[in-house]
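Start from the sequences and build out the full structure, keeping to the hints where you can.
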Amino acid sequence: MTTPPYNPNVPEFPSDDLATTQEQLLNNFRQIYDKFLVNHTSLDSGSDAGIHTIVQLVEQEEPFQTDPSEISIYSKDVTSQADQIFLRYQGNGQEFQYTNYQLYALTSNQFQTKFFSFLPGKILIYFGSIFPKAPPANVLDLSPYISKNIISISLCPIGPTPGYKPNVKLLAPKAGVYQGIQLFSNTGVQQVPACYYVIIANVV
Amino acid sequence: MAFADNHVGLTQDDEFSGMHTALTLQPQMADPATSTTQIAIYNKLVGGIPEMFFRPRANQTPIQMTYPSIKADLTTTQYSFVAGPFIIYGGKITNPTQGQTVTLTPGTTLIFVDLIIANSNTLPNQIAMAIPTNIAGTSFDIRYHAVITSNFDVYYYAVGI
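Just so you know, the sequences run in chain order A and B.
The first sequence lines up with residues 1 to 204 when you count with my numbering.
The second sequence lines up with residues 1001 to 1161 when you count with my numbering.
No wet-lab data here; the hints were simulated from the structure.
Each hint should be verified, as a subset may be incorrect.
Stated by the list, open to error - No farther apart than 25 Å at their CA atoms in a straight line, the calculated lysine to any residue pairs in the SDA-like style are these: (1) A:Lys-76 / B:Ser-1017; (2) B:Lys-1071 / A:Gln-102; (3) A:Lys-169 / B:Asn-1119; (4) A:Lys-169 / B:Ile-1093; (5) A:Lys-114 / A:Lys-169; (6) A:Lys-76 / B:Tyr-1042; (7) B:Lys-1092 / A:Gln-179; (8) B:Lys-1071 / B:Leu-1023; (9) B:Lys-1092 / A:Val-177; (10) A:Lys-133 / A:Gln-179; (11) A:Lys-76 / A:Leu-57; (12) B:Lys-1071 / A:Asn-92; (13) B:Lys-1092 / A:Asp-141.
Claimed, not checked - Pair by pair, the computed Cβ-Cβ distance ranges are: (14) A:Thr-161 / B:Gln-1038: 50 to 56 Å; (15) A:Tyr-33 / B:Glu-1015: 14 to 20 Å; (16) A:Gln-60 / B:Ser-1150: 48 to 54 Å; (17) A:Thr-161 / B:Gln-1060: 41 to 47 Å; (18) B:Ile-1111 / A:Lys-133: 30 to 36 Å; (19) A:Gln-60 / B:Ala-1033: 26 to 32 Å; (20) B:Ile-1111 / A:Phe-29: 52 to 58 Å; (21) B:Ile-1041 / A:Thr-20: 42 to 48 Å; (22) B:Glu-1015 / A:Arg-30: 14 to 20 Å; (23) B:Met-1029 / A:Pro-8: 30 to 36 Å; (24) A:Ser-42 / B:Val-1046: 30 to 36 Å; (25) A:Glu-61 / B:Phe-1086: 29 to 35 Å; (26) A:Leu-37 / B:Thr-1101: 55 to 61 Å.
Because the structure is a prediction, the values reported are computed rather than measured.
The C-beta atom is built at its ideal place from N, Cα and C for all residues, glycine as well.
Spelled out as structure tokens, the structure:
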């Protein structure tokens, strides 16, 4: 049997007849117990009572209010992404997206090992290693293709012999999204060296 | 009223009632204790500014998860952070002069700087290199190979603490 819904109007007045309201009072206490149990350790769990078990954040439409000295953590829908975690600084300060996109294993190939993660602020960080061959296999692939602004590029040559760091050229974005960075030899007489790379980009 | 703060209320959607609308964290004077099967996320003031902390199980060393500000947009200079916190700077300088000083904000102490030349008119296959020199605080100078004269970008990637 399900517990009847919580009734905030019981008790309503000090003069309410307990014989009349007792059932609803018991229902209300049961509802409080059951609802508190969601995401929290139960009220009768001894020393751990009140501690969170998990935190489920119901999607919000607007930034959450913060007073001085407070931080708010909440979830909001992001276009082209799933719901993401947002933070807002104290005093209704700056709001930013803390998590970004979704993480999954990329498919590497003989030319490139690929990984990516995110930084707070809708920033993606691509990293891995590239083993360039003759063009077009000298293009560093930026999948997943969601980056709209390249913030920085870092390359570190690797291999059995020292080599010049390549210079680079951004390939023209397609529909506003960058998909690759072309690497060039810095000497003209040697192949583009294998490199570790770190690319930081915006997805805004 | 108190339960409705940060929670879906008792008389609201039964599917979500009891879940959280947000976590509003008020500052803690001390790091909360964690048992061997617990972790804690909380707010602690750093220089009077609230920051989110994570404390691993069994009272291990707390980790600061946020930084007081962030700049992430479509402009050419930006920064974010990773837990520690370490500040991650990135940006693009177009046609820098030889020896140009770049000062990053917010102020930290740089522990890593890397530069790379992009979109140079010397491409392909001519030497086009840049290195950071005189690194101090959040400043560095850009030195690049003299064959380059104009129409190029220098991307920087830096980490500060």
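Hints versus structure:
no.	hint	in the structure
1	A:Lys-76 / B:Ser-1017	holds (18 Å)
2	B:Lys-1071 / A:Gln-102	holds (21 Å)
3	A:Lys-169 / B:Asn-1119	holds (5 Å)
4	A:Lys-169 / B:Ile-1093	holds (15 Å)
5	A:Lys-114 / A:Lys-169	holds (19 Å)
6	A:Lys-76 / B:Tyr-1042	holds (21 Å)
7	B:Lys-1092 / A:Gln-179	holds (18 Å)
8	B:Lys-1071 / B:Leu-1023	holds (23 Å)
9	B:Lys-1092 / A:Val-177	holds (18 Å)
10	A:Lys-133 / A:Gln-179	holds (18 Å)
11	A:Lys-76 / A:Leu-57	holds (9 Å)
12	B:Lys-1071 / A:Asn-92	holds (17 Å)
13	B:Lys-1092 / A:Asp-141	holds (20 Å)
14	A:Thr-161 / B:Gln-1038: 50 to 56 Å	holds (52 Å)
15	A:Tyr-33 / B:Glu-1015: 14 to 20 Å	holds (18 Å)
16	A:Gln-60 / B:Ser-1150: 48 to 54 Å	holds (49 Å)
17	A:Thr-161 / B:Gln-1060: 41 to 47 Å	holds (44 Å)
18	B:Ile-1111 / A:Lys-133: 30 to 36 Å	holds (34 Å)
19	A:Gln-60 / B:Ala-1033: 26 to 32 Å	holds (31 Å)
20	B:Ile-1111 / A:Phe-29: 52 to 58 Å	holds (56 Å)
21	B:Ile-1041 / A:Thr-20: 42 to 48 Å	holds (45 Å)
22	B:Glu-1015 / A:Arg-30: 14 to 20 Å	holds (18 Å)
23	B:Met-1029 / A:Pro-8: 30 to 36 Å	holds (34 Å)
24	A:Ser-42 / B:Val-1046: 30 to 36 Å	holds (34 Å)
25	A:Glu-61 / B:Phe-1086: 29 to 35 Å	holds (33 Å)
26	A:Leu-37 / B:Thr-1101: 55 to 61 Å	holds (59 Å)
Checked against the numbered hints given earlier, the structure satisfies every one of them.
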